[in-house]
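There are 2 protein chains.
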Amino acid sequence: MNPIKELTEYFSDITRLRYVANLLDWDTQVYMPPGSSQGRSEQTALIEGIIHKKLVSEKAARLIKNAEGVANLDIVESAMLREAKRNYDRAVKVPIDLVKELAKTATLGHKTWEKARAKSDFKTFQPVLEKIVSLKQKEADLIDIGPTRYDTLLDQFEPDAKSDWILKVFNELKPHLKRILGKIESSTEKPNQDVIKMHYDAQKQWKFSVEVLKKLNYDFNIGRQDKSAHPFTVSLSSIDVRITTRIWENFLPACLFGTIHEFGHAIYEMNFNPEIHDTLLADGSSLGIHESQSRLWENIVARGRDFWKYWYPILQKYFPKNLKDYPEEEFYRSINTVQPSLIRVEADEVTYSLHIIMRYEIEKALMGDDVNISELPQIWNEKMETLLSITPPDDAKGVLQDVHWSGGAIGYFPTYTLGNLYASQIYSKILEAHPSLPEEFARGEFSTLVSYLGENIHKFGKIYTPLDLLKKITGEDLNSNYFIEYLENKFYPIYKV
Amino acid sequence: MNPIKELTEYFSDITRLRYVANLLDWDTQVYMPPGSSQGRSEQTALIEGIIHKKLVSEKAARLIKNAEGVANLDIVESAMLREAKRNYDRAVKVPIDLVKELAKTATLGHKTWEKARAKSDFKTFQPVLEKIVSLKQKEADLIDIGPTRYDTLLDQFEPDAKSDWILKVFNELKPHLKRILGKIESSTEKPNQDVIKMHYDAQKQWKFSVEVLKKLNYDFNIGRQDKSAHPFTVSLSSIDVRITTRIWENFLPACLFGTIHEFGHAIYEMNFNPEIHDTLLADGSSLGIHESQSRLWENIVARGRDFWKYWYPILQKYFPKNLKDYPEEEFYRSINTVQPSLIRVEADEVTYSLHIIMRYEIEKALMGDDVNISELPQIWNEKMETLLSITPPDDAKGVLQDVHWSGGAIGYFPTYTLGNLYASQIYSKILEAHPSLPEEFARGEFSTLVSYLGENIHKFGKIYTPLDLLKKITGEDLNSNYFIEYLENKFYPIYKV
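These protein sequences, in sequence, are chains A and B.
For the first sequence, the working numbering begins at -1 and goes up steadily by one.
For the second sequence, the working numbering begins at -1 and goes up steadily by one.
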């Protein structure tokens, strides 16, 4: 057999096992009975163990070596080899004992974090966080992609992204965000959020979200929507991509924008070219690119003015009591309120990236041993004051708010802001090619955008690395000006400044 | 490590992988989007392949050998070793190519059967059935538990049951069933089924089934009920045992008795002793014993007179329009109508076993090469005429009605009737120990029965083989008189003969 085919087939079994692990996870979050978690976690550990064993096997090494001997690989084949090597290299460098200790500590970390957050007491979380940080340092030292530990961790989520480059991007971005925020805060005509905090019947919210999904071309023949505590997207194969949402009866945006955000992730995975189905390339280019898709749909499209020209009259019919006499423009302003706030996941488009930047600064320092972990709450609160001029009243609303570090996900946060930057840069390019998009949205038509993203991003899966893909689409490197312009063009009118 | 512990741990991973395969199957039948089956079947094949590899590995052989060297095994340990050997022996004797061919043919068989049944054309199904029969013969010759091929296949579902023994049991049973049926058919006071064929709202049926489940002590903390085309029970671990039901709005019994039947299976698996959780012993003693539990709850309890003293007034409140003025006694008679009919799964308690006996006779002959497969429809129809005095109008309602043979499940049918026999024999023993059970049912109390079954059957899982278990509980070997008496005592009063 062709060595590349053989390599592809071998690693496809790993992809399939990941889909199986994904089903275990989906079921855990969506339908598993409350008392069944012990059995489930053992099954997950078992499947993860089988994946790890396959990944570091002599056969994997041999297949990679054979494939490296093949001349004139085409672009798909060389991406396949690249990803096989990436997966193999990362796995083979970490001894199984450390893998298990990391998994065990992540589980303990998550439980301890939940307890600490409930009590709003960082000291409860501190010892296990120290352990996590030290294990992640060990892991990074072993994998050692470099130049720094943080780069190694980052590379897992955002291939080829370097810590220095992120620093530069974020340092450019920060003063602009503060400037824009300042201008918005000086406004005397602020939107009013009362209308979206009225009571909205759960079942009607659900129905509206499904109506929107259908119109956006989400394919229920190979997907479904369910409810879970935290919305997420999961692929159980390239022809089974499911999303979840949550419904808050006293906050209308939670369900709708949760649905649309996850739609953006799901449509990516639904549109992979069949030739890469079930392979290592059946994945997003990076977490940042993935996030660019969810944010493009959620923020640029669905929080945009034109989207509501079509949908607001429909939404009014779903909720006449609350909305019949409420002006469309004011509704649009209401869902785009900008306001420094304590909690990242509730932040608006302007302040969101400031939350990310401070997390990035902290976790980078953690990896470099430049922080005394006991001082984290203080450091957190000082950064909040500097960036957003507010101070958390307690640890639960401060340093303990995010789940990521408790599970060992260090190096993940930057991908959220990269997603915003990629999205606005890509969208500006799309608008050049399709200047009538806003009018289409206003008519409830989304297929031009779906097709464009499918043809230029989705179908490639992981064939291109994020910056190559960005250059391929936009003709330039990452340029945060697009995001800054997007924010100014959108929010100054909303705030009438 | 203790060789038995080591053996147990090794095979527990196989049990866990089976739970994972069960989740894949549950999801396929309950929530998977319609267009996603291709990806799913590849994942299932992959997990089955991993299980097979683990089962026939040199390590498995070595662990079994080591365990065989241990003296003075207790009853759990020796059952563990027995089951490990059973699993290993069956798997190691069948070459992987035959395993794959069987799986492939079963998939093709199932698809072809669906097509053939839709067209009601046996000839479409015949070639693949011939292939299936010949592969099963090959498999039986390789495994060769003997004395006949049919014994070998039977042993997989009903350990230690011999074909000769089944023949004797069924031959004793047959004339009694025909005699009882004849007497019932001579009755001039037959129940009327009109009332259960009225329209019953699906959502209310669902709610009633959940209310019943709760009262029966089904533990929703480690289980759940969903809907599927065919009701089934599935364990995703010993602390995650789910059931499904189906709702027919124009036939009330479908949902309720589907739920209660599956409850009987589920409560078995929920009550395994924790020391056998996740091991090879976390399973029913046999399919026959499993079926005895579902039928005990469905037929003896829930189609019994006392059950409805409690539930009928409640059911009347759910469906006042249909039932308010309908007498309880007539309702009870209605759900116990006896009538020769074409379709096994719709058959009553008296005729059901006649359907089974003819299938047993046919499949036994198939394995012995005593049948020309092209003549099956004819053989089927003649047996129907002899046993039930009706002739199928076409193959769909005749030889093509069951799914079993299409997937290679030959030797499975007898377990249904064994289930009936076990159930009535066991229940008669329980009644001796707890003569007030009927009064308890009439008060809506079921915990005495649940506890008895838990303590005397469920907690043991697969520790005892079916006939040992039966003897342990009832002090005697299988005795079909209990079933015959049960039928006479129940149905003669209903039919006033």
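Don't take each hint at face value.
Which copy? The list can't say, so a pair holds if one copy fits it or any two copies do.
[Unchecked claim] Each computed DSS-like pair below joins lysine-lysine, with the alpha-carbon atoms no more than 30 Å apart: (1) Lys121 <-> Lys136; (2) Lys166 <-> Lys3; (3) Lys102 <-> Lys3; (4) Lys494 <-> Lys109; (5) Lys166 <-> Lys488; (6) Lys212 <-> Lys166; (7) Lys129 <-> Lys202; (8) Lys427 <-> Lys205; (9) Lys307 <-> Lys63; (10) Lys225 <-> Lys202; (11) Lys91 <-> Lys225; (12) Lys181 <-> Lys117; (13) Lys121 <-> Lys202; (14) Lys225 <-> Lys213; (15) Lys205 <-> Lys113; (16) Lys136 <-> Lys98; (17) Lys494 <-> Lys181; (18) Lys212 <-> Lys319; (19) Lys52 <-> Lys427.
None of these hints come from the bench; they were simulated from the model.
Hints, one by one, checked against the model:
For a Cα distance limit of 30 Å, the shortest separation of Lys121 from Lys136 inside one copy, 23 Å, qualifies, whereas the shortest one across copies, 66 Å, does not. Neither within a single protomer nor between protomers do Lys166 and Lys3 lie at most 30 Å apart by alpha-carbon distance, with minima of 41 Å and 57 Å respectively. Within a single copy, Lys102 and Lys3 get their C-alpha atoms only as close as 36 Å, which misses the 30 Å cut-off; across copies the closest is 23 Å, which meets it. For the identical chains of this complex, Lys494 and Lys109 are neighbours neither inside a copy (46 Å) nor across copies (65 Å), given an alpha-carbon limit of 30 Å.
Taking the shortest Cα distances, Lys166 and Lys488 sit within 30 Å of each other inside one copy (25 Å), while across copies they are farther apart (84 Å). In the homo-oligomer, the alpha carbons of Lys212 and Lys166 never lie at most 30 Å apart, since the shortest distance is 41 Å inside one protomer and 61 Å across protomers. For a Cα distance limit of 30 Å, the shortest separation of Lys129 from Lys202 qualifies neither inside one copy, at 46 Å, nor across copies, at 53 Å. Taking the shortest alpha-carbon separations for Lys427 and Lys205, neither the intra-copy value of 33 Å nor the inter-copy value of 54 Å comes in at or below 30 Å.
Taking the closest pair of Cα atoms, Lys307 and Lys63 never come within 30 Å of each other, the shortest separation being 57 Å inside a single copy and 74 Å across copies. For a Cα distance limit of 30 Å, the shortest separation of Lys225 from Lys202 qualifies both inside one copy, at 14 Å, and across copies, at 23 Å. Taking CA atoms no more than 30 Å apart as the test, Lys91 paired with Lys225 passes in neither setting, with 38 Å inside one copy and 47 Å between copies. Neither within a single protomer nor between protomers do Lys181 and Lys117 lie at most 30 Å apart by alpha-carbon distance, with minima of 37 Å and 73 Å respectively.
Taking the closest pair of Cα atoms, Lys121 and Lys202 never come within 30 Å of each other, the shortest separation being 43 Å inside a single copy and 51 Å across copies. Taking the closest pair of Cα atoms, Lys225 and Lys213 come within 30 Å of each other both inside a single copy (20 Å) and across two copies (28 Å). For a Cα distance limit of 30 Å, the shortest separation of Lys205 from Lys113 qualifies neither inside one copy, at 35 Å, nor across copies, at 36 Å. In this assembly of identical chains, Lys136 and Lys98 lie within 30 Å of each other by CA distance solely inside one copy; the values are 13 Å within and 44 Å between copies.
Only within a single protomer do Lys494 and Lys181 lie at most 30 Å apart by alpha-carbon distance; the minimum there is 10 Å, versus 90 Å between protomers. Taking CA atoms no more than 30 Å apart as the test, Lys212 paired with Lys319 passes inside one copy only; the shortest distance there is 25 Å, against 39 Å between copies. Proximity of Lys52 to Lys427 under the C-alpha cut-off of 30 Å is found in neither arrangement, the shortest distances being 42 Å within a copy and 53 Å between copies.
Comparing the model with each earlier hint shows violations of hints 2, 4, 6, 7, 8, 9, 11, 12, 13, 15, 19; every other hint is respected.
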